[in-house]
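Model the full assembly from the supplied sequences, consistent with the hints where possible.
One letter stands for each residue in the lines below.
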Amino acid sequence: MFDYYNLEPLLMWIHSTMCSLMPEWLAFTIEGIAVGVFIMVMYAVLAIILIYMERKVCAAFQCRIGPDRVGGRGGLLQVPADVIKILTKEIISLKNSDKFLYGLAPFLVIMASILTFSCLPWNKGGEILHMNIGIFFVLAASSIGVLGILLAGWSSNSKYTLIGAVRSGAMIISYELSIGLSVLTMVILCGTMDIQEIVAYQENGWNIFKGHVPAVMAFIIYLIAGNAEANRAPFDLAEAEQELTAGYHTEYSGMHFGFFYLAEYLNLFITAGIAVTLFFGGWMPLHIAGLEGLNMAMDCIPGVIWFVGKTFFVVFLLMWIRWTFPRLRIDQVLILEWKYLMPLSLLVLMVMTVMKVFGLVF
Amino acid sequence: MTMSADNIILIKPEELYDEASRLRYDAKEPMDYLRDIVGMDWGEEGLGALYYLESTSTGARRVLKVVAADRKNAFGCAEHSFLPSVCSLWKTARIKEREVFDFFGIRFTGNPDMRRLFLREDWKGYPLRKDYDMDSNPLNMDNETNADVTEEYTLRPDGTVEGRENVVFGKEDFVVNIGPQHPSTHGVLRMRTSIDGENIRRIDPILGYIHRGIEKMNESLTYPQTLALTDRLDYLSAHQNRHALCMCIEQAAGIGIPERAQYIRTIMDELQRIDSHLLFYSCLVMDMGGLTPFFYGFREREMILDIMEETTGGRLIQNYNVIGGVQADLHPDFRRKVKEFIKHLRSVIKDYHDIFTDNVIARRRLVGVGVLSREDAISLGATGGTGRASGWSNDVRKRHPYAMYGKVDFREITRTEGDSFARYMVRMDEIMESCHIIEQLIDNIPEGEFRVKTKAIIKLPEGNFSTSVESSRGEFGVMLESHGDKYPYRLHYRSTGLPLVDTMDTVCRGQKIADLIAIGGTLDFVIPDIDR
Amino acid sequence: MEVKKRAEIRSMQYDEFRNNDYLERMADQLNRDGAGVIVGSADELINWGRSNSLWSLTFGTSCCAIEFMALGAARYDMARFGFEVTRNSPRQADMIMVLGTITYRMAPVLKRLYDQMAEPKYVVAVGGCTISGGPFRKSYHVVNGIDKIIPVDVFIPGCPPRPEAFYYGMMQLQRKIKVERFLGGVNRKEDDKAPVTREQGSHPDGEPRQLVNLSTCQLNKEEE
Chain A
1 MFDYYNLEPL
11 LMWIHSTMCS
21 LMPEWLAFTI
31 EGIAVGVFIM
41 VMYAVLAIIL
51 IYMERKVCAA
61 FQCRIGPDRV
71 GGRGGLLQVP
81 ADVIKILTKE
91 IISLKNSDKF
101 LYGLAPFLVI
111 MASILTFSCL
121 PWNKGGEILH
131 MNIGIFFVLA
141 ASSIGVLGIL
151 LAGWSSNSKY
161 TLIGAVRSGA
171 MIISYELSIG
181 LSVLTMVILC
191 GTMDIQEIVA
201 YQENGWNIFK
211 GHVPAVMAFI
221 IYLIAGNAEA
231 NRAPFDLAEA
241 EQELTAGYHT
251 EYSGMHFGFF
261 YLAEYLNLFI
271 TAGIAVTLFF
281 GGWMPLHIAG
291 LEGLNMAMDC
301 IPGVIWFVGK
311 TFFVVFLLMW
321 IRWTFPRLRI
331 DQVLILEWKY
341 LMPLSLLVLM
351 VMTVMKVFGL
361 VF
Chain B
363 MTMSADNIIL
373 IKPEELYDEA
383 SRLRYDAKEP
393 MDYLRDIVGM
403 DWGEEGLGAL
413 YYLESTSTGA
423 RRVLKVVAAD
433 RKNAFGCAEH
443 SFLPSVCSLW
453 KTARIKEREV
463 FDFFGIRFTG
473 NPDMRRLFLR
483 EDWKGYPLRK
493 DYDMDSNPLN
503 MDNETNADVT
513 EEYTLRPDGT
523 VEGRENVVFG
533 KEDFVVNIGP
543 QHPSTHGVLR
553 MRTSIDGENI
563 RRIDPILGYI
573 HRGIEKMNES
583 LTYPQTLALT
593 DRLDYLSAHQ
603 NRHALCMCIE
613 QAAGIGIPER
623 AQYIRTIMDE
633 LQRIDSHLLF
643 YSCLVMDMGG
653 LTPFFYGFRE
663 REMILDIMEE
673 TTGGRLIQNY
683 NVIGGVQADL
693 HPDFRRKVKE
703 FIKHLRSVIK
713 DYHDIFTDNV
723 IARRRLVGVG
733 VLSREDAISL
743 GATGGTGRAS
753 GWSNDVRKRH
763 PYAMYGKVDF
773 REITRTEGDS
783 FARYMVRMDE
793 IMESCHIIEQ
803 LIDNIPEGEF
813 RVKTKAIIKL
823 PEGNFSTSVE
833 SSRGEFGVML
843 ESHGDKYPYR
853 LHYRSTGLPL
863 VDTMDTVCRG
873 QKIADLIAIG
883 GTLDFVIPDI
893 DR
Chain C
895 MEVKKRAEIR
905 SMQYDEFRNN
915 DYLERMADQL
925 NRDGAGVIVG
935 SADELINWGR
945 SNSLWSLTFG
955 TSCCAIEFMA
965 LGAARYDMAR
975 FGFEVTRNSP
985 RQADMIMVLG
995 TITYRMAPVL
1005 KRLYDQMAEP
1015 KYVVAVGGCT
1025 ISGGPFRKSY
1035 HVVNGIDKII
1045 PVDVFIPGCP
1055 PRPEAFYYGM
1065 MQLQRKIKVE
1075 RFLGGVNRKE
1085 DDKAPVTREQ
1095 GSHPDGEPRQ
1105 LVNLSTCQLN
1115 KEEE
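Protein chains in written order, with the working numbering: chain A, 1 to 362; chain B, 363 to 894; chain C, 895 to 1118.
These aren't lab readings, by the way, just hints derived from the structure by calculation.
By construction, the Cβ of each residue, glycine as well, lies at the ideal position given by its N, Cα and C atoms.
Certain hints may be false.
Simulated DEER-style distance windows between Cβ atoms [said to hold, decoys possible]:
#1 B:E506 with A:N96: 14 to 24 Å
#2 A:L101 with B:N505: 45 to 55 Å
#3 B:D720 with A:G293: 38 to 48 Å
#4 A:M40 with B:P500: 52 to 62 Å
#5 B:D695 with A:L317: 38 to 48 Å
#6 B:G559 with A:N96: 16 to 26 Å
Printed below as a string of structure tokens:
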């Protein structure tokens, strides 16, 4: 029934056609380049959409209108204008900085973000990097980002950036535990680390319903920790505009700064995307048992729309949090993690294991 | 409150400390609040200072006058004049004496920190001396270096003076420079902050980035002209500041102002206070990283600005009070709009509390953070909401009523905790109290003139005059010395913010960097008012 | 009590505002006559991007800063025009709005902040104090006009200016940016004698460097 959902036959057909026209290595190379370009373009387009969305959402929360002059009444071209501006802006090199690390840092951040990005299950068979330990890879790849932040803060030779970087290091490494544990909870529920299989497991019910209480708990923990991972308010201590002017990227200008800016928004999307994969059935349509007509109608909507739609919903939740809460203090952030979230997620993990063993999940 | 010259007690420099300490620890009427130290240059008579004291228990006020030395001798021997420091009696004296030193070159023996306060460390001369050459310090575009040591002078028993150096920041200190261009210092304050990890070890505020020399300029302006500069001191207390100066000149010149003007001034003062406190709310929330409530505060603030603009013509700086009354009569819509606004404010203030006050993060960031004890608040002269949050009832409107404040019924909001949250809540409650004051007055504004005619050139009789009002963020004082001319001989403003900035070091030690910003927000200072 | 009639406010005629469109007309003309199709349209695109995305440095020293905050708040909402973000780091800002009096102690800091900004950078001087010293002109500690320290693109007079005036000034800046050239020429040439050094704390000599307002110079050259 899901067959027309599946992109895999289409992709295989493209591959075999390519192979019939040229040697296999060339086909692979061309495909690799095409996929790479595709990821980059998607990445940029999504970033533009997300930034635009953030501006409009925050304007709505703040009784404002938001951009409405550049590109028609909706201000649709505002973000492209920003992009053009930032692309033509000077990149400053600092006198007493570590030039190599200073240049490397934004690329590390953006690379981590792109690697994670390419693991998202867009559709059935529509995953760019597919491996049987997919979710583990996501966790591993996303940790590279913190390295970039640390390097950025260290190499800029400025006290603000250093404080920002150290804060961010302490915070992200702590919150990775909670993320890991809540992801593990869902891995136990699904019995697999393969992202496509995790989604497939949710064919007859999303994990958040299947795993009920512990899954909901895990989702909340994931949302909080994910927010921290993405360096978003109320966990934006690494940037902390009001305290550290711009935190770890204070000294970056032009496109270097643009990379950090892009990565921030894409990390938001990735955090939401993983949440959707683990808890809301990925690209699976919404099915309600007993309502066959509705279910049929839902099946007609392609998986990619389901995935993107659900992800944007979670993104909206995260934005809502961001524009409502004041910022936490560094010790409070760490206390929240080590005293509350981590024990709680261990408990959730245990409960989930017990329930899975005794068949108490749906 | 005006004080005429006969309240001034003249004492000799060598007796200053004993006399001050006698007054400070007087059993019946301890003068525990040092309002201000005003440096003076009396020309031939010499350099010196006026000490304005007040007793927090009885409200009595005293002025001590000290002439440091015969001017010729002062310059003749060591080029410096010396006065004994009183900073062991009042903590606030420490920074106030630095100010006097900066402007007049009087050094205080026993003050551990005798650096320049407002001017560059390589500044030549002392600008508020009457013989200061205005062109002696051209614009210097070299980056300023800050010394890590301060000078201290001690008086030897044989009468000679010994100098030694105190270390502000040692080699082991990790000093972070917060400001002067920083989003959360509310202007161009600069705080050299020594930190240990995230914990603050010491703060050394560096001021003067917006020092405009208003007090020196006043000496060459006629009395009506001096009014214009008061609005630009603390632009969020523009009405109150100007009110204070007008009151001082009116009382010195014996001008009675019509009752209608008194009503208008009081209402305007309170509107200004609401305006300022709304901005306080907005800025505090923004400093703590919550951006949305910022817009709520500004939404209501715009409504006040509209009301003010209709009557006064200005949004931020109104130039409304004049000597003898107010500049223009109230706009016909004024009464209706004010009432509508108060009704509206009462209905939306709940949103403010919902989104911020009751927020768990906000509470944890504010409650118990940055505690200022009552003794410290008095000793540091931290007036206004900051002092009241520490349990010091210092509201000038209650203690020394002026305008209509003696006739209206209002509560002085005090709390005892002294932490950031108390400071925040005091101001939020004061918004409602100001609404209450306005409501009592708005329907009873008497008919009549809104100003009395005064001459363009006003000459005040000789003497010292001082008034104080409760501005949006503390006691704003005007200290005026007239020598009978059409220009003031010396016109000094008691800055509300200077003592507040001075409390930063006391309050912030041991707290986190993030708290520094939040505490700065709750102390609520405006830098142009500090630097003058 | 006699109620006064609403006073008639004399203001600038609306037609006079329109006179300032000359910059836009010049830009059109320049792009029509002076540049190749590809370079010209690329320039146009870049200028469109730059002019519509001016992130200002938060640099408030006194009163005008409060009006700037009002400008960002809901009623005036400068985000509508592309002045969305105010950056706190000079590296990431496109323009520096000098809001309030610049004193002798602040002047080197302002200069340093300006030097720390990345090109292209613009300066908007807001309020009487920054333009000429304003009410503090006679003071011993106030810079009489920041154009003595850094090159200024737009002056916005007022004490403080109304938010509408801010808009007008910022839109003038947008127009000005639209006549710049990115490709095939440098926008802001600097005097060779005083090279710009961007390292912290360095200043070649005591003299403020002479900067030529090149957008106008270039125009003149083009017209010759």
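Results for each hint:
no., hint, result
1, B:E506 with A:N96: 14 to 24 Å, "20 Å, holds"
2, A:L101 with B:N505: 45 to 55 Å, "27 Å, violated"
3, B:D720 with A:G293: 38 to 48 Å, "45 Å, holds"
4, A:M40 with B:P500: 52 to 62 Å, "55 Å, holds"
5, B:D695 with A:L317: 38 to 48 Å, "44 Å, holds"
6, B:G559 with A:N96: 16 to 26 Å, "23 Å, holds"
When the structure is compared with the earlier hints, a violation turns up for hint 2 alone.
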